[in-house]
Amino acid sequence: MVALDKETLFGDIHKEFPTHSGHKNEVSPGGGIVYDAALKLKPEDIGRPDVNLYPVPYLDVLVSALKETGHEHELSKYQVMTNTVAFGASTALIDYDFNTVSEAIKEGFKGRKAALGDLNVKAAQHGYDYIKNNFHDGFGYKLHPVPSSEKRMVIRGVQAVGIGKFKAGCAFQTYYPITPATDESEYLENHQKNYNIVVVQTEDEISAILMATGAAHAGVRSSTSTSGPGFSLMAEGLGWAGHTEAPGPVVILWQRAGPSTGLPTRTEQGDLQFVLHAGHGEFPRMVVAPGDVMECFYDTFDAFNYAERFQMPVVVIADKFLASSYRTVPIPDSNNLKIDRGQIAAEADLAGKNPYKRYELTPLGVSPRSLPGTKGGIFHTTGDEHDELGGITENSENRIKMMQKRMHKLQLAAELIPDEKKVNFFGPQKADVTLVGWGSTKGAILDGMEDLEADAIRCNFLQIRYMSPFPTELVTKYLSNSNRKVLVEGNYSGQLGAIIREQTGVVMDYKVLKYNGRSFSQNEVYEGVKEAIKNGSKEVVMAHA
Amino acid sequence: MLELKDFRTKVHNDWCPGCGDFGILNAVQMALFELKLEPYNVAIFSGIGCSGKTPHFVNTYGFHTLHGRVLPIATGAKLANMELTVVAVGGDGDGFGIGAGHFVHTGRRNLDFTYVVHDNQVYGLTKGQSSPTLPKGEQTKSMPFPAIVEGINPIATAISSGYTFVARSYALDVRHLKEILKAAVLHRGSALVDVLQTCPTYNDINTKEWYAGADLPSKAPRLYKLEDTGYDGTVKDPADHNEVTQKKVQAMTRSFEWGDKIPIGLFYRIQEPTYEDMIATRMPSFKEVPLTKQDLYGRDVSDLFQELS
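Sequences listed follow chains V and G, in order.
Residue numbers for the first sequence, in my numbering: 1104 to 1648.
Residue numbers for the second sequence, in my numbering: 2 to 310.
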């Protein structure tokens, strides 16, 4: 751990409303703490005899770096660079290649700021040297580059979704600024010129979803992106899109901790039930929950195909943790991804079809759509209940047929979406414990499984990706074989557990929950699951900050 | 050869007898016909209210949307396919009440489209509550008490929001309305046409007779045409800040005339770059081919991945 100040070590418990009690207790045994020697702390003050302590006089080291470059009289201007000193010191402990450190620093100071970058490299170098000159090389953790022939990239969820949109041919994105969703729209806008996408910052999220829906009806692939408060405003629009069988939009919901403003910069999986039910009345919607950055890419790509094929809005539900955490992953081969625009009635198809029935009752429920501007394809649509021509009617028989038509499309989707996209199953078929989760907890669960295995607890993991249509048969199949089912979810009530019970009748035996706005860690999955099954705790609430 | 009837549908019309909506519907159909537009190249959007049914009666692409939300949906469709002629219609409650935010921000964009507001001072479909354009102190027949809040001035609001064509007409003067609508559709930019309209069922104040001035000592019509008075609302030089300001002030001043004399006609017009023009400054392909006709599907995105490696 690198502590830049005292609060990092001991927290702010002296304050009226403390936010944390210090991070020194989170360091693993055998780990190390780099801190400012000027704090003059004795080892017993820190109280961690099991970790290595590395006091570094940040300011003195910085002064020596400034002297070397002739900037010693500008200490007040450059004092902030003590953080680079501390960073440099930490890289020395793990024997990290200093050239890499140097390049990483320079990457952050380009163009006019290049001189400042050089200065920071110097500060890091002095921090690095201070450790090498003053401490024995007894630190147990080293970090060296891993040789790999695979081409890799560093990517965040917002970028993966953005590239998925470009791959799918999305040409229209709307948004109203909101944390943590805005980064995605800015990513798209930054690539607007080469990728031909119109990005509209709207007056509110009501406008955002409806503008995107208007564009979808007109014939482009469109999307909007928001977080919980914005999605709340979109509820009515989602219903209009579903009812008028718009071929989209794709809505990306980057969940943050609610309700209301909640913890606006933190993560949670609290909107799953809401997404499945948002809007009045009953209408079809598809909901998919990617669990990592590459699933963000693939699920977003698929979402556009499904939106057009089944003519319904698709919500991709992710969260703040996925949005903004960086992952190193291999560059995927995306050339084999296929576009499916569904049934479009072109001018030639429409000849002789007079009148053209936009909402024609077909065996599968999907009616070929014409794009406005197509000769012979004139149609009317309405949020009122309508007949095959899109005319308003309250006729009883028509109502029943139209409800069945629209809702049947979900069944059709359930039949056509491949099983391997609906759920992921990890580990042996038979195990002591089955972990069940969705979304961004995937990584922590996979890591935590290793710890559980090491502790002789044999486990497997069912990750549910499609929430609507819900993969009832698959989930039933996997869970009915399980002895002990542990739900791992980032919310208060165990929303996925309730959905599984509703859809399959299967009841989770234990819940490991977390709703303090922080993501699950590997440790917590291990500790929580162990607490549940060893002590029989039905519900374990995790609280690591 | 197109005929006027090509713009009509056979859908049963359930507006009240004598409703001003009929005049607006006829004027819309006539304007589109006289502009020689192909019905399949036109899309009409509406909100919710009596006026919301308009698209069902016009044989063009038609979208009957949500209460107050006609403008965002119309905007999305127009941006997707800028070759479409887009006309949005809605009521005064739809546009200046629940949809007021969209009204203002749509003006700011100056998208190339036309917005026709059926302005009858009442919520007809929900049986006559006061709408945002009903003046303070007025009481129509289904209101228990007179209005205690100010009415909105659509013309002044439109000008200050950025609409580049701002006009008013009268639903029972179909010829005038049709000409205004034609000019609005031809205008490059966002056009607002505020249409004064009678509601024979719920507005017993602003009736046909009232507009005709039957209650005035002079018996002279309340409505007069701006163009008959030598008024000129068109900005000649959009780069001339003084002229622009002067024309805006002149239009706004006229827009507050209400009572014994009420102006109709073109209040303000200026040629400014449209939203489409502005998007094209960042993305040149936008104006060359409509987005709906660009082949963007399944593109190679390897450079985007490379960027992150």
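Hints listed in this document are in silico derivations from the structure and should not be mistaken for laboratory results.
Treat the hints with care, as some may be off.
Stretch-level coverage of chain G by chain V, calculated; a stretch enters the list once three of its residues show a Cβ under 8 Å from a Cβ in chain V [stated by the list, open to error]: (1) 30-42; (2) 82-94; (3) 97-111; (4) 195-207.
Straight-line distance between alpha carbons at most 35 Å, and here's what the computed DSBU-like set of lysine-lysine pairs gives [unchecked claim]: (5) V:K1525 x V:K1478; (6) G:K183 x V:K1456; (7) V:K1456 x G:K209; (8) G:K294 x G:K37; (9) V:K1504 x G:K11; (10) V:K1508 x G:K11; (11) G:K6 x V:K1504; (12) G:K183 x V:K1460; (13) V:K1478 x G:K237.
Have a look at the derived ranges for each label pair, beta carbon to beta carbon [to be verified]: (14) G:K11 x V:K1580: 27 to 37 Å; (15) G:E84 x V:S1251: 18 to 28 Å; (16) V:K1456 x G:Y225: 47 to 57 Å; (17) V:K1441 x G:D233: 56 to 66 Å; (18) G:K37 x V:N1457: 48 to 58 Å.
Glycine residues also receive a C-beta, built at the ideal position from the N, C-alpha and C atoms.
* Which of the numbered hints above does this structure break? -> 4, 5, 7, 13, 14, 15 and 18
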